[in-house]
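There are 2 protein chains.
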Amino acid sequence: MKLSPLQTARYQYTPKLPGMLRNGISEICVKNGNATESVADQEKIAAQFPNTYGKNEITFQKGKNTSEAKKQVVGVILSGGQAPGGHNVVCGLYDALKATNPDNVLYGFKGGPSGLLEDDYRILDDDYVNQFRNTGGFDIIGSGRTKLETEEQFAVAAEVCKKHGITAIVIIGGDDSNTNAAVLAEYMAAHNTGVQVIGCPKTIDGDLKNEDIECSFGFDTATKTYSEIIGNIERDANSAKKYWHFIKVMGRSASHVALECALQTQPNICLIGEEVAAKKMSLAQIADYIADSVAERAAKGMNFGVAIIPEGIVEFVPEFSVLIAEINELLAGENTAKFNALPTWKDKYAFIEAGLTKESMAVFAILPENIQQQLFLERDPHGNVQVSLIESEKLFSALVKDNLAARKAAGTYNGKFSTLHHFLGYEGRCAFPSNFDADYCYSLGYNAFMLIQYGYTGYLSKVSNLSKPADEWVAGGMPITKMMNMERRNGQDKPVIRKALVELDGKPFQYFAEHRAEWAVETCFTYPGAIQYFGPAEVCDLTTRTLALEKA
Amino acid sequence: MKLSPLQTARYQYTPKLPGMLRNGISEICVKNGNATESVADQEKIAAQFPNTYGKNEITFQKGKNTSEAKKQVVGVILSGGQAPGGHNVVCGLYDALKATNPDNVLYGFKGGPSGLLEDDYRILDDDYVNQFRNTGGFDIIGSGRTKLETEEQFAVAAEVCKKHGITAIVIIGGDDSNTNAAVLAEYMAAHNTGVQVIGCPKTIDGDLKNEDIECSFGFDTATKTYSEIIGNIERDANSAKKYWHFIKVMGRSASHVALECALQTQPNICLIGEEVAAKKMSLAQIADYIADSVAERAAKGMNFGVAIIPEGIVEFVPEFSVLIAEINELLAGENTAKFNALPTWKDKYAFIEAGLTKESMAVFAILPENIQQQLFLERDPHGNVQVSLIESEKLFSALVKDNLAARKAAGTYNGKFSTLHHFLGYEGRCAFPSNFDADYCYSLGYNAFMLIQYGYTGYLSKVSNLSKPADEWVAGGMPITKMMNMERRNGQDKPVIRKALVELDGKPFQYFAEHRAEWAVETCFTYPGAIQYFGPAEVCDLTTRTLALEKA
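These protein sequence lines are chains A and B, in that order. Per numbering that gives the first Met the number 0, residue 0 is the first one in the first sequence, and the count goes up by one each step. Per numbering that gives the first Met the number 0, residue 0 is the first one in the second sequence, and the count goes up by one each step.
Since the hints were made in silico from the structure, they are not lab data. Honestly, I wouldn't trust all of these hints.
One copy or any two copies: either way a pair holds, since identical chains are not told apart in the list.
Here are the computed lysine-lysine pairs in the DSSO-like style, where the Cα-Cα straight-line distance is at most 30 Å [to be verified]:
{"#": "1", "residue 1": "498", "residue 2": "550"}
{"#": "2", "residue 1": "240", "residue 2": "393"}
{"#": "3", "residue 1": "241", "residue 2": "299"}
{"#": "4", "residue 1": "467", "residue 2": "43"}
{"#": "5", "residue 1": "240", "residue 2": "498"}
{"#": "6", "residue 1": "240", "residue 2": "337"}
{"#": "7", "residue 1": "146", "residue 2": "415"}
Just so you know, these numbers come straight off a predicted model, no measurement behind them.
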């Protein structure tokens, strides 16, 4: 395979470790912190994790390495969607493992958690690992979405570990994968398998974040890549002065990605799902809010703009969730066949009208016809509406168009409204990691091995103080159970890591809220440009605006 | 407006001039070259340009500046779609103009050629120009698509120039705009207005290229930006191993952008419109070609891939062009109303079936229904099919899906085929110009002023030897008429600059053709990453693969 010049150049990059890990393996010792308890539901969580609950937080510091000298055989798994920097987690883990003892072995389980269950692996060596240093993607061993959560799976996993003499598993994943890592750790401890389990916080969505995890890896690079593209589109809009661009960005459960991109690019509009939910906004209210910006800009002669729409936005609109629930009910059981048998859309529409409540029908009625049809015609194997398929960027531009037509008829608007649509997701999940993500990920992996070496299990590799230069970063470990609470999942109470939503009283949203009125009407676009790896520090070593504001 | 760190850093960049222009204005003299003639239709073109035809090619060299000392008042126009580097053309022009005589004045006509006709301008000064150095976009003065082509417009332009004492106009545009620049130059000369006209070659499409113009500006940055994104998507495909990505890239008239992106990223498939036309390929043949790759990769366990589709591809498919022509005819005159009155799509389909030839009906029949409907339901004000609205990336993925279903039924294919679609256009037209485009554009603008200062008109600012380091670049001017031939446009023979198509016997296509069989079946993806401005020369100072291969 021909390598790009950038890939070749990035091989030369040496990721920066936290200062306390820079003195060589022999000079890393443990500093014990406080015993921990879960953020909520302490008794229930303690009961579920009798062997791993309540352990101490720890940090590493410079000092004589007192860990036990034994051969480590570690397995590593990449779980879920790609995030820039995953390769560096593996590289950091590999380097610490080999530096500690050249006889240590690293198994890479292929294609995600299923690789462990199917005993499908590759033993990693220098030649192979070196091809992936400071690169994007998860192609080093592949990833997958199999969930490791049942006792049966754990038993298989234990068997595979026993077969290879594996002493520890590192799971690189999001909130669900790390929840499962904690459960697996408990299983391994309860069954005296001798297998430790360590998690690493990954997700471009930014929703794996709490008082212990300042940010998940990949968020930095992905949002910078999206912001590069959004900035380019903004500059195009401001040059051509004839289009409104509706840009959907990834992030279904939370709007961190949209917010960070807005902070970087200062668009006219950015919707935040958490705010929509908190204010119980209707589709019509949202459309009206956007149309206000379009109309005010048009009055100033600016018939162009940029709006950022989070992928999951409609799921935050209360009336829309009710509509979806009613549709799912309306089509349950035999009704699906009855509905499908109706010959024309007109017949189907009458069926829908008869079946929905008046309130939901009012919401349904304002949707563009293609989205109305999509809600009924494209359903998942369980017969449910596939909300994720809804093209929310097109939905809102259509609603705004209708709103503006009403304003035009009323004589309150006299502009032009031409739209273009974009969706940014796959474009940023496998970018070359920024210097920040390259450093952070390498540190997470290196640190994960030190946690293994010191015998910890059920811990998350934790690197903090991230808004500061890397030599001031703090490396250590936190029991995963500390981040847990009980939540209802599929009809059962389960201990899970709480997903971090955008906090409406947090500094990043507050900054946005203070400025958006001006951004909506004026043209305050900022053009971040492409991620730079070699330039001046003020360009190359930036953290996200979100992190900078949170730590300000 | 808050500036991004990259924008602030890019202000510090000093664009590189060709060696011969580096000694200061007082040390630039003219070296006369040969008299020129047009590439074809010499007599007809000479007859149309009695005052500007047949002039000498010139280059600049180091030597005493012998130009006449007079105050220059220059107007500059950005014409057509955005291309990275346009700002630097203006900056180079401004710097040479002011260095020659601080009393010289630069008018920026706003919003494209219409700014000249409407006398809408901004006088450029240091404070304003400095905000745009080495940045993307055309927002310094805006751009527009008004064509300057009628005698009436020329008369207005002459009037505006007279009013402000303008001595020269610089038109920054594509092949049409430069054709019009030549016609305007001839008008200005024939009417003794004393106004010179100079063109600069702009277009991300890469189709303004000939033996004199090695490349148009913006092609380098735009294709690098698209290739960054394509590479990221490739890496995602190769990590998740479950999707085929169909990526449409801008470029309606020629497939240079698609080809350059393919050379940079080595996708499994890249369609080239010029080849499709030359081989008279049918839609079914193209789908079969792509399906071969999908099936062969599936047989190796790789149910994923990347296909690049040029925006204008269907217009190169002969049978499709015939179909479009038949549809336009079928709906001419009163038939549109008759067709629209038919109540259901079934009725309309019967009407279509009765009206098309058997051959075109066969083509129509294999199209996905949404594209069938689009062809009939969305027409331009003249009643014509809007070919540019056809989502060719979705068309081909749908055709491939049908093809694979037939293979599956025949037992020759047993894979999975899940698709995702992307369109890359606005994402790259306003990126920060690469070092190459920043240097090339600044040189084009600087050089344009030297042509003005030495009294030339109807010339294109020409900078060549571009595959070499900038100090070896050659700056000069070429009469625009030299690039012209006669072509039929709107029922009339007109002198125009010939549009450059991808040459199937040229080195870039040949390189692609030699490698694509391997790329189709193996995974040979290359990941270019983001454009770098500050790093090692082998990363930052690359030209396009197209130019490198052409000059190899």
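Hint check:
When the C-alpha separation of residue 498 and residue 550 is checked against a cutoff of 30 Å, the pair qualifies only within one copy, where the shortest distance is 20 Å, while the shortest distance between copies is 55 Å. Both within a single protomer and between protomers do residue 240 and residue 393 lie at most 30 Å apart by alpha-carbon distance, with minima of 20 Å and 29 Å respectively. Taking the closest pair of Cα atoms, residue 241 and residue 299 come within 30 Å of each other only inside a single copy of the chain (13 Å); across copies the shortest separation is 48 Å, beyond that limit. Taking the closest pair of Cα atoms, residue 467 and residue 43 never come within 30 Å of each other, the shortest separation being 37 Å inside a single copy and 70 Å across copies.
In this homomeric assembly, residue 240 and residue 498 come within 30 Å of each other (Cα to Cα) only across copies, at 27 Å, whereas the closest approach inside a single copy is 40 Å. In this homomeric assembly, residue 240 and residue 337 never come within 30 Å of each other (Cα to Cα): the closest approach is 49 Å inside a single copy and 38 Å across copies. In this assembly of identical chains, residue 146 and residue 415 lie within 30 Å of each other by CA distance solely across copies; the values are 22 Å between and 49 Å within a copy.
Taken one by one, the earlier hints fail for this structure at numbers 4, 6, listed in ascending order.
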